[in-house]
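**Student:** Let's have the full structure, built from the sequences with the hints guiding it.
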Amino acid sequence: MTRSDWIFAAVGVLVALGWYLSYSAARLDRLHARVEGTLAALDAQLVRRAEATLELVNSATLDAASSLMLASAASDSLAMSELAEADIESQRFGHDRESVESDLTEALTQVLGEETLAHLAREGAADSDGLQALGRVRATCLRVQLARRFHNGAVTDVRMVRRKWTVRVFRLAGHAAMPQTVEFRDALPAGWA
Amino acid sequence: MRVGIVCPYSFDIPGGVQYHVRDLAEILIARGHQVSVLAPADDETPLPPYVVSAGRAIPVRYNGSVARLNFGPITNARVNGWLDRGRFDLIHIHEPITPSIGSLALWAAECPIVATFHTSNLRSRAMQVSYPFFRPSLEKILGRIAVSEDARRTVTTHFGGEPVVIPNGVYVDRFAGAEVNPSWQGTPERPTVAFLGRMAEPRKGMPVLAAALPAIRRELPGIRVLVAGPGDPDEVRAQLRPEDVDALEFLGAVSDADKASLLRSVDVYIAPNTGGESFGIILIEAMAAGAAVLASDIPAFVRVLDAGKAGVTFRNEDPADLAAQLVALLRDGAARAEVAARGRRRADVFDWGVVADQIAMVYETVLEGAAMARVPVTGPQRVIGRFRRAARGESGDDG
Numbered sequence: 162m163t164r165s166d167w168i169f170a171a172v173g174v175l176v177a178l179g180w181y182l183s184y185s186a187a188r189l190d191r192l193h194a195r196v197e198g199t200l201a202a203l204d205a206q207l208v209r210r211a212e213a214t215l216e217l218v219n220s221a222t223l224d225a226a227s228s229l230m231l232a233s234a235a236s237d238s239l240a241m242s243e244l245a246e247a248d249i250e251s252q253r254f255g256h257d258r259e260s261v262e263s264d265l266t267e268a269l270t271q272v273l274g275e276e277t278l279a280h281l282a283r284e285g286a287a288d289s290d291g292l293q294a295l296g297r298v299r300a301t302c303l304r305v306q307l308a309r310r311f312h313n314g315a316v317t318d319v320r321m322v323r324r325k326w327t328v329r330v331f332r333l334a335g336h337a338a339m340p341q342t343v344e345f346r347d348a349l350p351a352g353w354a
Numbered sequence: 003m004r005v006g007i008v009c010p011y012s013f014d015i016p017g018g019v020q021y022h023v024r025d026l027a028e029i030l031i032a033r034g035h036q037v038s039v040l041a042p043a044d045d046e047t048p049l050p051p052y053v054v055s056a057g058r059a060i061p062v063r064y065n066g067s068v069a070r071l072n073f074g075p076i077t078n079a080r081v082n083g084w085l086d087r088g089r090f091d092l093i094h095i096h097e098p099i100t101p102s103i104g105s106l107a108l109w110a111a112e113c114p115i116v117a118t119f120h121t122s123n124l125r126s127r128a129m130q131v132s133y134p135f136f137r138p139s140l141e142k143i144l145g146r147i148a149v150s151e152d153a154r155r156t157v158t159t160h161f162g163g164e165p166v167v168i169p170n171g172v173y174v175d176r177f178a179g180a181e182v183n184p185s186w187q188g189t190p191e192r193p194t195v196a197f198l199g200r201m202a203e204p205r206k207g208m209p210v211l212a213a214a215l216p217a218i219r220r221e222l223p224g225i226r227v228l229v230a231g232p233g234d235p236d237e238v239r240a241q242l243r244p245e246d247v248d249a250l251e252f253l254g255a256v257s258d259a260d261k262a263s264l265l266r267s268v269d270v271y272i273a274p275n276t277g278g279e280s281f282g283i284i285l286i287e288a289m290a291a292g293a294a295v296l297a298s299d300i301p302a303f304v305r306v307l308d309a310g311k312a313g314v315t316f317r318n319e320d321p322a323d324l325a326a327q328l329v330a331l332l333r334d335g336a337a338r339a340e341v342a343a344r345g346r347r348r349a350d351v352f353d354w355g356v357v358a359d360q361i362a363m364v365y366e367t368v369l370e371g372a373a374m375a376r377v378p379v380t381g382p383q384r385v386i387g388r389f390r391r392a393a394r395g396e397s398g399d400d401g
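Heads up: the sequence lines are chains A and B, in that order.
The first sequence begins at 162 in this note's numbering and counts up one residue at a time.
The second sequence begins at 3 in this note's numbering and counts up one residue at a time.
These are calculated hints, taken from the structure and not from any lab test.
Where is the CB? At the ideal position from N, CA and C, for every residue including glycine.
Among the hints, erroneous ones may be present.
[Stated by the list, open to error] Pair ranges (Cβ atoms, derived):
(1) A/E275 to B/A339: 18 to 28 Å
(2) B/R347 to A/E284: 13 to 23 Å
(3) B/E203 to A/Q293: 27 to 37 Å
(4) B/A217 to A/E276: 37 to 47 Å
(5) A/E275 to B/A217: 39 to 49 Å
(6) A/G296 to B/M3: 16 to 26 Å
(7) A/E284 to B/A339: 24 to 34 Å
(8) A/G296 to B/D258: 28 to 38 Å
**Tutor:** If you want it as structure tokens, here you go:
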């Protein structure tokens with residue numbers, strides 16, 4: 162091969178590499194955007210769940226002790242979500258927030274046991290506001306589950322791409338933090354599952 | 003909401019995925035959404051107004067059986083045209099990993115994508131080989147749904163992540179309110195049992211039922227087994243002792259209405275399937291119709307029957323156990339009614355009203371996540387998308 166052949170070949174390889182790197186960077190950027198979106202959506206769903214829980218408390222459907230327990234867990238969750246605003250901006254979901262959300266799930270599971278739910282359904286005709294509030298809590302619980310699954314799915318996809326050597330060697334992820342899956346208990350009360 | 007649904011299997015022939023897509027489209031339309039379904043179909047097949055044909059499907063050997071699929075440049079152009087014209091808020095692709103319009107739509111779509119995985123037996127070798135090429139388009143799926151626990155496990159193993167399990171739906175009312183046909187109703191002397199499905203396919207379990215017949219008839223000589231489904235009755239009769247032949251009555255392939263009516267009329271629905279089932283929608287239909295269900299204890303059936311609480315199970319491929327359980331169930335009317343009542347309640351979990359709520363919730367969650375991202379999360383496959391846009395005379399940077 163002559164010298165110009167070598168140069169052509171080298172240019173060809175560089176162009177291909179450049180294209181591949183730009184393609185990978187764009188792919189990674191989309192994946193990061195997806196994670197940000199799903200995390201923001203999860204954050205919003207958690208706020209809605211806490212608000213729906215407080216609504217249920219204020220509808221006076223439950224006894225005083227149960228109401229107090231839910232009110233405490235839900236207001237912890239809301240307070241934490243305000244503190245965490247900067248965290249969500251910077252793509253973090255702290256362990257303390259995970260445990261507060263697990264606590265709210267726990268409180269809902271304990272207060273809304275199968276017997277209680279059956280009892281409320283029987284009494285429901287008299288107080289349809291309460292039933293509606295209950296329905297909203299259930300819907301928000303389901304949405305929290307979905308939002309967390311879809312967020313963790315997006316995180317898994319990003320992490321898989323970021324493990325590739327091209328991404329690591331050429332630092333295609335820039336300064337973006339490595340996204341972490343969000344882990345907390347989000348099971349529905351047994352009577353709803 | 004403008005929803006595009008992609009069904010990879012031909013609407014010309016019946017199948018679980020096709021029924022699911024049809025029912026989903028109809029319930030979404032009834033709830034006020036604009037829905038277009040893209041599916042392969044022959045030109046002469048009459049299609050519902052919401053279905054757009056992706057062209058004629060070709061029978062291909064894929065994943066161990068013959069499937070009718072669509073591929074090639076003309077199909078690809080049709081898929082792109084459908085996506086362009088539809089301007090969907092979201093598309094919902096069923097079986098995105100088949101070499102058909104599902105993977106083409108996944109590749110080309112630029113809007114948020116939800117995908118439903120139906121199968122539990124993916125060809126893993128083909129997946130591994132094409133993985134690097136296919137992986138980026140899988141990343142465009144923002145919400146993954148699996149129709150069963152088995153399908154969920156398959157998705158988790160092959161693609162990672164944790165899909166949401168949303169079962170197939172059944173219109174419970176259509177079965178609960180079906181007409182009772184007195185000629186299919188059982189009496190204490192002549193109880194009736196229904197078997198549905200292709201009798202020639204051994205995994206549907208006809209051989210197990212045939213082997214159990216002598217023992218059943220020793221206890222209940224008057225038993226009538228009503229067999230509905232395509233196939234040659236003589237092939238089944240050849241497996242039987244001559245004196246057992248009359249216990250089987252062959253109805254041939256039945257209409258949807260007759261199927262519901264049959265399940266509503268008989269004492270027991272029997273599902274002796276030996277495997278290969280990832281879900282078991284027919285069990286739910288039988289429970290909805292109020293038949294007591296007796297099924298083999300394969301994992302999919304045990305789950306549909308709520309760990310065996312909503313029906314009775316027997317040891318898979320064990321004719322003696324089948325016979326014992328069936329005789330016990332047919333002899334004890336009160337126990338049978340109790341089983342049927344539990345089944346009826348269980349069926350409500352799978353009612354289309356409930357299932358459609360869950361799917362709509364997935365759509366909303368996915369759209370919210372996509373809307374909150376700073377750039378479009380399902381941009382085109384960068385270079386190809388740019389060419390496509392340029393070819394269509396559109397401008398603008400796609401990021």
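**Student:** Please go over all the hints and tell whether each is borne out by the structure.
**Tutor:** Checked hints:
| no. | hint | result |
| --- | --- | --- |
| 1 | A/E275 to B/A339: 18 to 28 Å | holds (24 Å) |
| 2 | B/R347 to A/E284: 13 to 23 Å | holds (21 Å) |
| 3 | B/E203 to A/Q293: 27 to 37 Å | violated (49 Å) |
| 4 | B/A217 to A/E276: 37 to 47 Å | holds (44 Å) |
| 5 | A/E275 to B/A217: 39 to 49 Å | holds (41 Å) |
| 6 | A/G296 to B/M3: 16 to 26 Å | holds (22 Å) |
| 7 | A/E284 to B/A339: 24 to 34 Å | holds (29 Å) |
| 8 | A/G296 to B/D258: 28 to 38 Å | holds (33 Å) |
Checked against the numbered hints given earlier, this structure breaks only hint 3.
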